[in-house]
Every structure is written in C-alpha cells, then in structure tokens.
Amino acid sequence: MVTMIELTPHDAGVLSRLVQFHGLPIERRLEILNEIESPDARQVGEAVLDPAKLSEFSEPVRATVNRYQEWLENNKRLARRRRRAIRSR
Amino acid sequence: MFYLQSSDTLCSKEIHVTRLRVLPRMHTPQSGLTDRSLSLYLSLLDPCEVVPKWQPSAFVERESFNLLLIPWPFEVLVKQFRDVTDSASTRLPADFGFFTFDIETGQGFTESVMALYTEATRKLGRVDGIVLPEMAVTAEQFRALRAELPQECFIVSGVGDRAAGEERGTNEVRLSFPPLAELIQKKHHPWKLTESQVVQYGLGGVLSPSFEWWEYGEFTDRSLTFIAINADLVLAVLICEDLARPDPVANLVRSVGPNLVVALLMDGPQIKERWAARYATVLADDPGCSVLSLTSRGMAQMSRPTTGPNRSRVVAIWKDKFGAAREIELTEGCDAVAVSLSTRYEEEFTADGRGDQGNAAYPVLSGVHPIRLKTNELR
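Order-wise, the sequence lines are chains A and B.
Each step along the first sequence adds one to the number in the numbering used here, with nothing skipped, and position 34 is 34.
Each step along the second sequence adds one to the number in the numbering used here, with nothing skipped, and position 51 is 51.
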C-alpha cells in the first residue's frame with residue numbers, strides 16, 4: 001500500500017485550489033503554487049501543473065496527485081448528478 | 001465549492017477577523033426571520049471566541065457514502081471515573097468536585113476495529129469513514145488505527161487523556177482525512193455530573209451524589225472545523241455538551257449550516273426522548289442540518305433508566321429535515337452499525353424569495369446494517 005504525502009491544512013487548501021482551478025492562466029496557477037509551504041506538497045503541486053513529469057516523482061507524490069485528480073473528476077460527476085436531480089424534479 | 005485563501009474568513013485583509021467573518025453557507029433557514037434568512041451562500045459571523053476553520057478535503061464520494069459507527073468502548077467500568085478534586089490546581093466550593101475519566105488501553109482495539117471494517121466492507125462493498133464516540137481512545141490508539149486503516153477511509157473519533165496531578169485531562173475530536181494531516185478540535189464545554197446523573201450511571205461508589213462534579217479538562221482554544229468533503233457536503237463535529245449549549249458554537253453552526261453534524265457523546269442510550277434527539281431536532285429544523293449522534297455501548301449499558309425498559313442497545317440517533325428522529329440500535333449479537341447516507345436536493349429560499357434552484361443538499365439515511373465481529377475473542 002502506497003502512502004500519500006501528509007499535507008498541512010494550509011497546503012491542502014492551496015492544492016485544492018490549484019487542482020480545481022485548472023482553467024486559470026499558468027501565471028496565476030504558478031502564483032498559487034508558490035503559496036505552498038512544504039517541499040513535499042510543492043512536488044505534488046508541480047506534478048499537478050505538469051503531468052508529463054509525473055513519473056519523475058516519488059510514489060507517495062504520485063499517489064497524492066492521483067488522489068487529487070480522482071477527486072476533481074468526482075467533483076465533476078457530482079455536479080452532473082446535482083443537475084440531473086434538479087431537472088428530474 | 002468555496003476555497004478560502006485563509007481558513008477562517010472569506011473577507012479580504014482589510015476586514016480583520018476580530019470585527020467580523022464571512023464564511024460559506026450550506027443551508028438557509030426556511031422558518032422564522034433572522035439575518036441568516038437573507039443570504040443563500042454566505043454567512044456573516046459576529047466576532048466570538050470560537051475560531052472557525054474551513055478545510056477542504058480530497059475525499060472521493062460515490063453515489064452515497066457508508067459510515068461505520070463503532071460504539072467503542074463496549075464496556076465502561078465505574079472505576080474509570082475518578083475524583084481528582086484534591087490534586088486539581090483550581091479550588092472549588094465545598095459542594096463541587098472535579099472528576100476525570102481513564103480510557104482503557106488494553107489490547108484489542110485496533111484488531112477489533114479492523115475486523116469490523118473488514119466485515120462491513122464485505123457486506124457493503126466499501127466503508128468511507130469510521131466514527132467513534134467521545135473519549136473512545138487515546139492518541140496512541142488513534143494513531144495505531146490510522147496506520148492500519150486504508151487511507152481511502154476517514155476517521156472521526158473522540159480522543160482523550162486523563163487528568164494527572166495538576167495537569168488537566170484532554171477531550172477532543174480528531175479528524176483524519178488523508179492526505180490531509182490529522183485535525184484536532186477540543187471540546188468547548190465541560191461535562192457537569194449532577195446527582196441524578198451520578199445515580200443514573202451508578203457512579204455513587206466513586207463520586208458522591210451529594211456533590212456536583214465538573215470534568216477536569218482543558219477547554220481553552222475553542223475552534224470549530226468545517227470539513228468541505230465536496231460541494232454538497234460540509235461536515236462539522238461537536239462533542240457532547242457542545243451540541244446542547246447555545247453559545248457561541250451553536251451560532252456558528254446555525255450560521256454556516258453544515259450539511260452533516262456528527263455529535264460524539266459519552267451518554268446513555270440515544271432514544272428519541274433524550275436530550276441529544278431534542279437538540280438534533282432543533283438543528284434539523286433551523287438551519288436544516290442532518291444530525292448523527294453516537295455514544296459508546298459501555299456508557300449506554302451503564303445508564304439505568306428510572307422508568308420504562310432498558311434500551312441500552314440504542315447507541316446512535318439520526319435526524320434530518322424530512323422525518324422523525326430515527327433510533328439506531330445494535331441488534332442482538334452485533335457490535336457496530338454501518339449506515340449509508342445519500343444526498344437529497346431541495347430548493348431553499350431567502351426571506352425575500354430568491355431561490356437556489358435546488359442546490360441545497362441534505363444527507364439522508366438510506367441504509368442501516370448491523371455488523372458483528374466474527375470471533376468472540378475480540379469482544
């Protein structure tokens with residue numbers, strides 16, 4: 001079982017914004033990345049910004065990135081579910 | 001979903017948190033008329049000593065989610081309650097005393113929880129979170145469980161430590177939502193054991209019923225954590241008394257209106273007639289929270305009703321906006337309960353008639369499953 005990087009509340013909040021606001025210009029996303037405090041969490045942020053380099057990072061970093069990507073896709077699915085529920089009423 | 005730049009207000013730095021705070025809102029009250037009736041998505045909070053903390057988590061929710069409620073410990077002994085009045089650093093009037101509670105740290109906790117988790121996973125397909133009552137485990141036991149449990153499963157647990165000498169005990173909730181580091185929220189209000197409660201729990205051998213007994217603990221640094229599990233589900237956890245006291249934590253809960261409030265208790269059976277159900281009903285009515293309370297089987301068994309049948313296997317209660325409070329009982333031979341929660345959407349309106357197009361999300365109870373340990377050795 002691969003263990004994810006442990007994130008501080010601050011870094012978890014920043015990473016959530018970085019992942020969710022993937023449509024922002026890269027300059028703005030780099031600004032968000034620079035808010036991350038711990039080196040490990042920063043690696044997660046860097047891998048989020050440049051998925052092509054994901055394989056260069058450690059397994060815990062990759063596991064954390066995968067979790068955030070899964071979370072993002074799930075959020076999209078939940079939004080669709082909500083719209084369906086509203087339409088069906 | 002809201003992503004706060006800082007964890008405790010949406011305001012810019014020009015408005016300091018000692019003046020006011022603005023936080024997201026998940027429910028707008030649909031009855032009565034207050035300043036909370038004016039906004040669908042934002043809550044305005046007067047300054048108070050309780051610091052709200054808004055924390056997004058990367059939890060992945062499926063169509064519904066399954067919680068494993070473990071009413072640990074399964075046995076509580078009278079001797080676990082102790083009079084510490086003489087060693088406390090604070091002097092009290094003659095008719096008052098201080099007590100502390102010793103958490104049993106015998107072997108078998110992690111093994112029992114993992115066995116229940118495995119069995120619940122076999123029955124339901126997956127378990128998304130484990131909930132344990134107030135003062136269920138020590139910090140060491142909590143960490144040992146976290147190390148064993150898959151990271152996909154979150155833990156919400158009462159964690160504590162006894163008072164030692166002048167040093168006060170601790171009573172807190174720990175929230176573990178990997179990859180987020182463990183969050184700690186202290187209990188805000190101490191428990192006061194009155195004569196009737198000393199008798200109800202049979203504690204007269206260690207705590208005189210002619211005294212009133214305050215819990216000797218550390219109740220400073222009050223905070224309230226809101227875990228944003230996803231856009232539809234914000235969770236807040238209250239510890240026992242904090243559900244019942246109207247100030248100042250209740251104002252925060254009412255203003256934000258978290259979708260799900262979990263109350264961790266050291267209390268008697270969670271029957272509809274008792275206090276927890278009454279306060280859960282208040283929050284379900286205004287602002288519309290769904291509320292789950294959980295006590296330990298040990299405390300429920302210690303409680304002796306003055307009248308009526310003994311309902312000591314009712315360890316939890318569920319209340320949402322749509323129905324009557326529902327008692328959750330351990331069926332004979334079972335050790336835990338897994339509950340499934342689904343999301344129901346309803347439209348909420350502000351006082352001036354603006355609607356949210358049905359975006360208000362309510363967790364509703366959609367399944368209750370008894371879970372038993374496979375071997376008696378772990379009980």
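Bear in mind the hints are in silico, worked out from the structure with no lab data behind them.
Glycine included, each C-beta is placed from N, C-alpha and C at the ideal position.
Be a bit skeptical, because a hint or two may be false.
Just so you have them, the derived chain A footprint on chain B, three or more residues with Cβ under 8 Å [stated by the list, open to error]:
hint : segment
1    : 177-190
2    : 226-232
3    : 295-301
If you want the footprint, here are the derived chain A segments under chain B, 3+ residues with CB under 8 Å [as the list claims (entries may be wrong)]:
hint : segment
4    : 1-14
5    : 45-59
query = Counting residues of the segment 177-190 of chain B with a beta carbon closer than 8 Å to any beta carbon of chain A, are there 3 or more?
reply = holds (count 5)
key: Claimed coverage, the segment 1-14 of chain A by chain B - three or more beta carbons nearer than 8 Å   = It holds, with 11 qualifying residues against the three required.
Assertion that chain A covers the segment 295-301 of chain B - criterion: three or more residues, beta-carbon distance below 8 Å = violated (count 0)
query = According to a criterion of three or more residues whose C-beta lies within less than 8 Å of a C-beta of chain A, is the segment 226-232 of chain B covered?
reply = holds (count 3)
request  = With a C-beta cutoff of 8 Å, work out whether three or more residues of the segment 45-59 of chain A approach chain B closely enough for the coverage to hold.
outcome  = Our answer is that it is violated, as 0 residues pass the Cβ test (under 8 Å) against chain B, missing three.
Checked against the numbered hints above, the structure breaks hints 3, 5 and satisfies the rest.
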